[in-house]
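*Asks:* Chain by chain, the residues:
2 protein chains.
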Amino acid sequence: MLVVHKYGGTSMGSVERIKSVAQRVAKWHRAGHRVVVVPSAMAGETNRLLGLAKEISAEADPRELDQIASTGEQVSVGLLAIALQALGVKAKSYTGWQAGIKTDSAFTKARITEIDGAKLLSDLDAGVIPIVTGFQGIDGAGNITTLGRGGSDTQAVAVAAAIKADECLIYTDVDAIYTTDPRVVEDARPLKVIAFEEMFELASLGSKVLQIRSVEFAGKYRVPTRVLSSFTDPLIPIEIEAKSGTLITFEEDEKMEQAVVSGIAFNRDEAKITLRGVPDMPGIAYKIVGPIGEANIDIDMIVQNIGESGHTDFSFTVHRNEFDRAMRVLNEQVKPALGAKEVVGDNRVCKVSIVGIGMRSHVGIAATMFKALADENINIQMITTSEIKTSVLVDDKYMELAVRALHRAFELDKEPAARAA
Amino acid sequence: MLVVHKYGGTSMGSVERIKSVAQRVAKWHRAGHRVVVVPSAMAGETNRLLGLAKEISAEADPRELDQIASTGEQVSVGLLAIALQALGVKAKSYTGWQAGIKTDSAFTKARITEIDGAKLLSDLDAGVIPIVTGFQGIDGAGNITTLGRGGSDTQAVAVAAAIKADECLIYTDVDAIYTTDPRVVEDARPLKVIAFEEMFELASLGSKVLQIRSVEFAGKYRVPTRVLSSFTDPLIPIEIEAKSGTLITFEEDEKMEQAVVSGIAFNRDEAKITLRGVPDMPGIAYKIVGPIGEANIDIDMIVQNIGESGHTDFSFTVHRNEFDRAMRVLNEQVKPALGAKEVVGDNRVCKVSIVGIGMRSHVGIAATMFKALADENINIQMITTSEIKTSVLVDDKYMELAVRALHRAFELDKEPAARAA
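Protein chains in written order, with this note's numbering: chain A, 667 to 1087; chain B, 667 to 1087.
Excised from the complex, chain A in its bound form:
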């Protein structure tokens, strides 16, 4: 197999851990697999470096921040190369620019535009393990850029796409993607397989396991990506390791679990705002949403109720950190301009979502969801739906209760084959 191994900062967190990563990589290499490794900076290093920059200036030049922050990964690739060589395996480190990873010039959050896999493939042909920095590349003017937080996942997937790897293995400090957060639901079950679209919804809904852009990349280039643990014994048999964790797949074949709902996501960072008594006429939504966008505030859910006697209520949610700013925009600009009755806000709400590609072909899923919440006396404040997801906004004191009720209602603690539905 041709594979990319990605190791997170915790997995690279000390000299001992780096040696353990080297043992794992060497095991794959010796078994005849061709491996490219993408390690993160040692845990805490990027924060330490950016902390120094912030001590000097709170508004540091993003170009210089990238110049500084990119060094954490550069140290990691060198150390891992040395650790592999110490095991008698040929290895060679590459910075982003050395590996031919081109990006745009959006410093601190650059996007990869091109990867030239030729150098890595020629190393592999020569029996050398190439080790490539995560999180960074070079722009057209020769500046070092970084991809922003979580960029190492994205880089690993991008490298896997460039060399047409059979699989990208993301080694991390969790052992799988779960049906929901095990800290909230004791019975949460690790998923063997998850569809790319489901993973995308789960990532964007707040699951912190994989960075959203890496999932986007995996989807765009159809890179089979596996999330698995780097905290197992590095010398466990490859047959076992290669089947562990969760595989994000693009093929809905017999291997897929036949689940209607695969997982439950939740997000406590929501705040709800309602504009009451708005004149009900065309263009009203734009007149409300426009000023919010101009203030650089992202809107998540939007609901417009049918109004009475020519007036309507308009509700939407924003990130809780933007709540005060959004309220000010509405009170100072939108309300007087539209002659609305009042602005009401609530920043103690949360969003709970069920996700599953099976929802496409199954009816009654939303009904099951609403009944489960009603049975617990949880009031639903807003609802939005997409093809493979249904989200509700509820009072955030009910969050754990809602997640547990839904997990039970959809029998996520059981293997799909064992479920009633």
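Take these hints with a grain of salt, some might be off.
When chains are identical, the list treats them as one kind, so a pair holds in a single copy or across two.
Unchecked claim - Computed list of lysine-lysine pairs in DSSO-like fashion (alpha-carbon distance at most 27 Å, straight line): (1) LYS785 to LYS775; (2) LYS768 to LYS785; (3) LYS693 to LYS720; (4) LYS1063 to LYS1001; (5) LYS1037 to LYS785; (6) LYS756 to LYS720; (7) LYS858 to LYS720; (8) LYS830 to LYS756; (9) LYS953 to LYS1080; (10) LYS756 to LYS775; (11) LYS720 to LYS685; (12) LYS953 to LYS775; (13) LYS886 to LYS775; (14) LYS1037 to LYS756.
Hints were generated in silico from the structure; no laboratory data involved.
Given chain A's structure and the hints, the job is docking chain B onto it.
*Replies:* Structure of chain B alone, referenced to chain A:
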């Protein structure tokens, strides 16, 4: 003026010190000077990084060591750029490869082969202060290389040569080059000017202020180089700062102090070996020195005495660390091969040298030296001379006494104009 500022690791040792460096650079910039800055890694950082590598493997790949060690300077240039920008000055950081610093592929001790100053000069034309990493470059294959310890001094001088700077200012933790080590001679006097050739002799004799290769570079490209303190108030007037420290110059004009002897160097790392009763015939020196060279041992001083009755004594010095190995080579290989009488060694010796370009045109300097030592009853074991230097080997218990006697004999505590000779 077009100048290069070089700041050592101690000068860059903390966020506060970096801010102070930025104030000093900004002062020069605002006074209308064009400045390129070459800072070292923060003190201790290179050792920390190489320490991590050594923890993983005692025999780490030099290419990977350079990949790792070069990051210390990369962080420094970014932080200094941010500190300058915070003062409202335009600044931009460059790694060695970004600045176009080409080297050979001798990892951990690479030599600069080419510097393209165009990018730096175009920044300066645009009012931007370029900040270039010390200590590193890129080889023909795109690998990062480092120049080895002290390489930042060399890089600064090389950059100054490439942009044809008027002066290269080496800011360090001493305030000047002294007539001799002030810890040995209380009256040691800071030199305002020193000739390149003298500095070269002083550096190679053990003065630790400037790395020998940077002096070589300064000489080759005739870069006026000034050693001065980074521990003065960063805002002292430029007129004062620009004349402080010691200027290493290439012009023996009226600015030069008319000293015969400029300084006294000493070196405790010597060991003396004598081969007694060697047959006095052509080729004998080679037969002794050859096997030592093959054993990779550097020889410093060599003296062959006129022999009696067809036999001679042959003496030389090596670094004290190589003493045992050199003795073994002589006893096991050279002595039996030549039929010499005996091998005598002494590793409690030291070398004391007087240095000065005035010695070229003045006679009797050596006589003054020998008399000063004789007056203190110090026995001279060996003597070597070069155009601008006379060195003697003495018992190392007399080292301080010899240095003080010579300092007094040549009146180095006085300004040259005030001396008797």
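*Asks:* Find the hints from earlier in the document that the structure breaks and name them by number, from lowest to highest.
*Replies:* 4, 5, 7, 9, 12 and 14
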